[in-house]
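Participant: These are the residues of each chain, in order.
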Amino acid sequence: MTHRILIADDEPNIVVSLEYLMKRAGYEVLIARDGQEAIDTIRRERPQLVLLDVMMPGKTGFDVCQELRADEALNGTLVLMLTAKGRATDIEKGLGVGADAYMTKPFSTKDLLAKVAEMLAAR
Amino acid sequence: MLGAPWVVGVAFAYLLLLFAVASFGDRRARQGRSVIGTPWIYALSMAVYCSAWTYFGSVGRAASGGVWFLPIYLGPMLAMILAWMLLRKMIRIAREHRITSIADFIASRYGKSQALAGLVTLITVVGIVPYIALQLKGIAVAYALMTNAPGAPVTDATPWWADSTFYVALALAGFTIVFGARHLDSAERHEGMVAAIAFESMVKLLAFLAVGAFAVWGLFDGLGDLFARARAVPELARLLTLGQGTGFAYEQWFALTMLSGLSVLCLPRQFQVMVVENVDERHLKRAAWVFPLYLLLINLFVLPIALAGLLHFGAGANAEGFVLTLPLAAGREGLALLAFVGGLSAATGMVIVEAIAVSTMVCNDLVMPLLLRTRRFRAAAGRDHTAFLLGIRRAAIVCILLLGYLYFRLAGEAYALVGIGLISFAAVAQFAPAMLGGMYWKGGTREGALAGLLAGFAIWIYTLMLPSIAKSGWWSTGFVEHGPFGIALLKPEALLGMARLDYLTHSLFWSLLANIGLYVAVSLWRAPSAGETSQALLFVDVFHRNAAAGPAFWRGRARVADLLPLLGRFLGTARAEALFDEHARQRGVPHRDALQPDARLVRFVERQLAGAIGSASARVMVASVVEEEPLDLDDVMRILDEASQIRAYSHRLEQVTEELKRANEQLKSLDRLKDDFMSSVTHELRTPLTSIRALAELMRDDEQMPAAQRQEFLDIVVAETERLSRLVNQVLDMAKIESGHAEWHNTDVDLRKLLTQAVQTTTEMMRERGATVDLHMPETLPLLRADADRLIQVLLNLLSNAAKFVPRGSGHIDVRLESDSTGVTIAVQDNGPGVPAGQRELIFERFRQGGDALNRPQGTGLGLPISRQIVEHFGGSMWLRDDTAQGACFCFSLPWPASGAGTNSGDKT
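From first to last, the protein sequence lines are chains A and B.
Numbers in the working numbering are just positions in the first sequence, counted from 1, shifted up by 112.
Numbers in the working numbering are just positions in the second sequence, counted from 1, shifted up by 1033.
It cannot be assumed that every hint is accurate.
[Said to hold, decoys possible] Straight line, CA to CA, 30 Å or less: simulated DSBU-like cross-link-like pairs of lysine-lysine:
| no. | chain 1 | residue 1 | chain 2 | residue 2 |
| --- | --- | --- | --- | --- |
| 1 | A | Lys227 | A | Lys205 |
| 2 | B | Lys1701 | A | Lys197 |
| 3 | A | Lys227 | A | Lys197 |
| 4 | B | Lys1786 | B | Lys1701 |
| 5 | A | Lys222 | A | Lys135 |
| 6 | A | Lys222 | A | Lys171 |
| 7 | A | Lys205 | B | Lys1701 |
| 8 | B | Lys1694 | B | Lys1707 |
| 9 | A | Lys197 | A | Lys222 |
| 10 | A | Lys205 | A | Lys171 |
| 11 | A | Lys135 | A | Lys197 |
| 12 | A | Lys227 | A | Lys135 |
| 13 | B | Lys1837 | A | Lys171 |
| 14 | B | Lys1504 | B | Lys1318 |
| 15 | A | Lys171 | B | Lys1786 |
| 16 | B | Lys1694 | B | Lys1786 |
| 17 | A | Lys197 | B | Lys1786 |
| 18 | B | Lys1786 | B | Lys1707 |
| 19 | A | Lys197 | A | Lys171 |
| 20 | A | Lys171 | A | Lys135 |
| 21 | B | Lys1769 | A | Lys205 |
| 22 | B | Lys1786 | B | Lys1769 |
| 23 | A | Lys197 | B | Lys1769 |
| 24 | A | Lys197 | B | Lys1707 |
[Claimed, not checked] Derived CB-CB ranges, DEER-like:
| no. | chain 1 | residue 1 | chain 2 | residue 2 | range |
| --- | --- | --- | --- | --- | --- |
| 25 | A | Leu186 | B | His1906 | 48 to 54 Å |
| 26 | A | Glu230 | B | Ser1772 | 30 to 36 Å |
| 27 | B | Leu1875 | A | Leu186 | 31 to 37 Å |
| 28 | B | Ile1825 | A | Leu207 | 46 to 52 Å |
| 29 | A | Thr114 | B | Ala1918 | 34 to 40 Å |
| 30 | B | His1774 | A | Leu186 | 31 to 37 Å |
| 31 | A | Leu186 | B | Arg1800 | 36 to 42 Å |
| 32 | A | Leu186 | B | Pro1869 | 49 to 55 Å |
| 33 | A | Leu207 | B | Tyr1682 | 52 to 58 Å |
| 34 | A | Thr114 | B | Asp1807 | 56 to 62 Å |
| 35 | B | Arg1759 | A | Leu186 | 35 to 41 Å |
Quick caveat, the hints were computed from the structure, so don't treat them as lab data.
Quick caveat, the model's predicted, so the values are computed rather than measured.
Glycine included, each C-beta is placed from N, C-alpha and C at the ideal position.
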């Protein structure tokens, strides 16, 4: 079964690289470029996993995650947070709002793929 | 006339009533619920100033001299109203140094000198004895008037053992002892006595007002009637004028006022109630107007009574007894009795307080120092001296009263009461220079005070005392009339030919002249000693220093085991231990045995001891049990310096702590800012790195990637690398400028050329965007001293920003340069979408970019902040003009240097 993955990031070049990466790995890819769009897309398309950037204009990744967890229907979506902010406080905050995993940029593509596979397999 | 038993009975009853009030006051004081803690009591107790003189003497003086009874009360009124702050300083000094008498005050100030203490006591005794005699005479006259038939001689020449006045003196001595010498109080407080004095002040005021009211409205029909009748009689009319028919003697009025004003400070009884018995400094404010009011009230009816008496009895009657004879003559015996009680009250009040005060002085400042010289006394260690001291005090009281009686017998006839009183005033007035000088002049020395006092006293004896004795018949008056040995210039009442002053003013003039003159001259002649200097500092600066917490001028070795028994010897062991415990608690020491025998403790013991035996003797006693190293002037100054240095250090320490706290706060907030900045920078740097890495890995891991895709990715990688290095450069730039480490190469910049250059540089960028640029500049412009490269950087930033946001193909940028007297302004206007209201200030923040995220052109978000920093470095400012219709207009201004503009660029060819 093809898993659907949403890429939520405001940096176009990162989106390009992630899109290519995920598509090559065989996933169906959705794209959102800011927080609100991400939520709407999740609601609409119900992806299994979200690659969520933290620093986005409007709603940040933290806000998106909180909203997801607050919503019964969207509660089960897997969230992998990606961010250039790597301070301990940020990681804790991310896990605190309910992210399933947290990866700092720049990431290794191999690690990212492995993580995504792991998360989807555990479901 | 009343029966003698009646009068005596009433007198005794009244005195017992006074005693009851006093013991009530003492009992409450022991319970800790003092009755004298109100300012009213304090103010009333000051009224002890009004003695038998007020009752009898004033009326007598009014009868002969009209308003000339007034200055004696005017002086104290003025003194209280104008100089109560002086009194406050005195009270503060007395409180801090446990001063118990005037002699103690003066002696303590001038280095705790025993000689001064003794001299002041001597002068006091000699000066006060006539005053006491005056009271006794008053009581005698009053008693005689009450019990003898009118017309009978007032006093008869009975031998002293049959003279009732003698027994009156003894009775008063007994009462005084009971009031004030039952036990020793180290602070010399007599709360019961103060309560009794306040009570009797009320009694004498009410009695006098009653008689006055009777005289005015009982015997006559009111003040108008009285004065009209008086004016009808020529001799009496004279009394109502100021000049008394001979022109107003200003000097005499002034001298009397000043004399009585000084007396309020220098009379022992006044010092006792105003300074020693004061419980709260703040009471002084109330007393400053209540006491003058009291004086006003009690003097209200003096002249009316005098006039009434003269009108009723005719001229030549003994005016001093009018207060009694008027009611008696009108058959109002009850009122006469009341007046008698009032007069008795006035006399006894004065005698009691004065005797207590003088006996304290005699004991502490005359007898004790003499005894301390005898080895036997000093060596009597371990014995309780409290009983011995009490015995001395009681003996002193009896002696003073007997001396008063003696004077009364010998010289009481010659002078009217008033004359005697003034002589006493003039004696105690000699203390004024040493006292007042000591409080305000640090240069006063012991020798100066001694010289001044001796000179003043000597002249007083010569010009007042001796003549009074001569005029009483105990000496030939030859030397008064012709001068000693016939030398006219040395006539006691007309020294150096000054004959136009009356005898009192004359004496006052010469005695105070010699006193002040020698005091100042001798003080200036030699610098004060260490002991005097330290005391001077503590006295004059009493409001700035706390004697207990201030510098302790003492150096040496002491032992607690010696100091505690010493204090116990004079105050009782229990009290001494309690005092030591209190001191230990104040110093933060757990137990009195743990007290270190340092300078502070020694000074403490000395102060406590001074309350019992006077500061001069206390000093001697303490010196006998410790090993003291004599302080010289340098030591005193050094101790003082250390104390003030310590104060200055702790003040500075507080300041530094404040500054450090503030700096710490600043650093913390800067730290936070730095953290935010750092996390922003790392985020900004990591973002392009993420793309680079991801794309590079993608290309590496996929050999089969189509070439076009690979090319696309490589383009992105290259672009992101450029973005990254731009970012790094700008972050470094920003950091350098903000931290002040940037290098600025200032030259004389031609702004016109700069602008042209900037526009030229961006031509390619503009062409690619399809935008046009218009440049408007004045023809000539002075040169500006600035860094040309940095200014180009700013211009390029603004131009490239404009280029990013103008619409493609139809973009228009307008660059305008204007100058005025203050500086130049450059405006870059574009026809893009403009900056939304919410972002107007945001765009100047770091890492913030205008436009929405989707269409955001490539940028670092640092361009504007850096440009602003550069502009502000040159003293200018950058802003976004908010009145443009469309698009954005970024402006910045640069000021001309303060010394005027540079050379005009138009001048250069």
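Participant: Work down the list of hints and note, for each, if the structure agrees.
Facilitator: Taking the hints in turn, this is what the structure says about them:
no.	hint	result
1	A:Lys227 with A:Lys205	holds (20 Å)
2	B:Lys1701 with A:Lys197	holds (22 Å)
3	A:Lys227 with A:Lys197	holds (19 Å)
4	B:Lys1786 with B:Lys1701	violated (45 Å)
5	A:Lys222 with A:Lys135	holds (14 Å)
6	A:Lys222 with A:Lys171	holds (29 Å)
7	A:Lys205 with B:Lys1701	holds (23 Å)
8	B:Lys1694 with B:Lys1707	holds (19 Å)
9	A:Lys197 with A:Lys222	holds (20 Å)
10	A:Lys205 with A:Lys171	holds (15 Å)
11	A:Lys135 with A:Lys197	holds (26 Å)
12	A:Lys227 with A:Lys135	holds (16 Å)
13	B:Lys1837 with A:Lys171	holds (26 Å)
14	B:Lys1504 with B:Lys1318	violated (44 Å)
15	A:Lys171 with B:Lys1786	violated (47 Å)
16	B:Lys1694 with B:Lys1786	violated (50 Å)
17	A:Lys197 with B:Lys1786	violated (45 Å)
18	B:Lys1786 with B:Lys1707	violated (38 Å)
19	A:Lys197 with A:Lys171	holds (16 Å)
20	A:Lys171 with A:Lys135	holds (26 Å)
21	B:Lys1769 with A:Lys205	violated (33 Å)
22	B:Lys1786 with B:Lys1769	holds (27 Å)
23	A:Lys197 with B:Lys1769	holds (24 Å)
24	A:Lys197 with B:Lys1707	holds (15 Å)
25	A:Leu186 with B:His1906: 48 to 54 Å	holds (52 Å)
26	A:Glu230 with B:Ser1772: 30 to 36 Å	violated (46 Å)
27	B:Leu1875 with A:Leu186: 31 to 37 Å	holds (32 Å)
28	B:Ile1825 with A:Leu207: 46 to 52 Å	holds (49 Å)
29	A:Thr114 with B:Ala1918: 34 to 40 Å	violated (54 Å)
30	B:His1774 with A:Leu186: 31 to 37 Å	violated (51 Å)
31	A:Leu186 with B:Arg1800: 36 to 42 Å	violated (50 Å)
32	A:Leu186 with B:Pro1869: 49 to 55 Å	violated (32 Å)
33	A:Leu207 with B:Tyr1682: 52 to 58 Å	holds (54 Å)
34	A:Thr114 with B:Asp1807: 56 to 62 Å	holds (57 Å)
35	B:Arg1759 with A:Leu186: 35 to 41 Å	holds (39 Å)
Figure legend: structure checked against the earlier numbered hints; hints not met, in rising order: 4, 14, 15, 16, 17, 18, 21, 26, 29, 30, 31 and 32.
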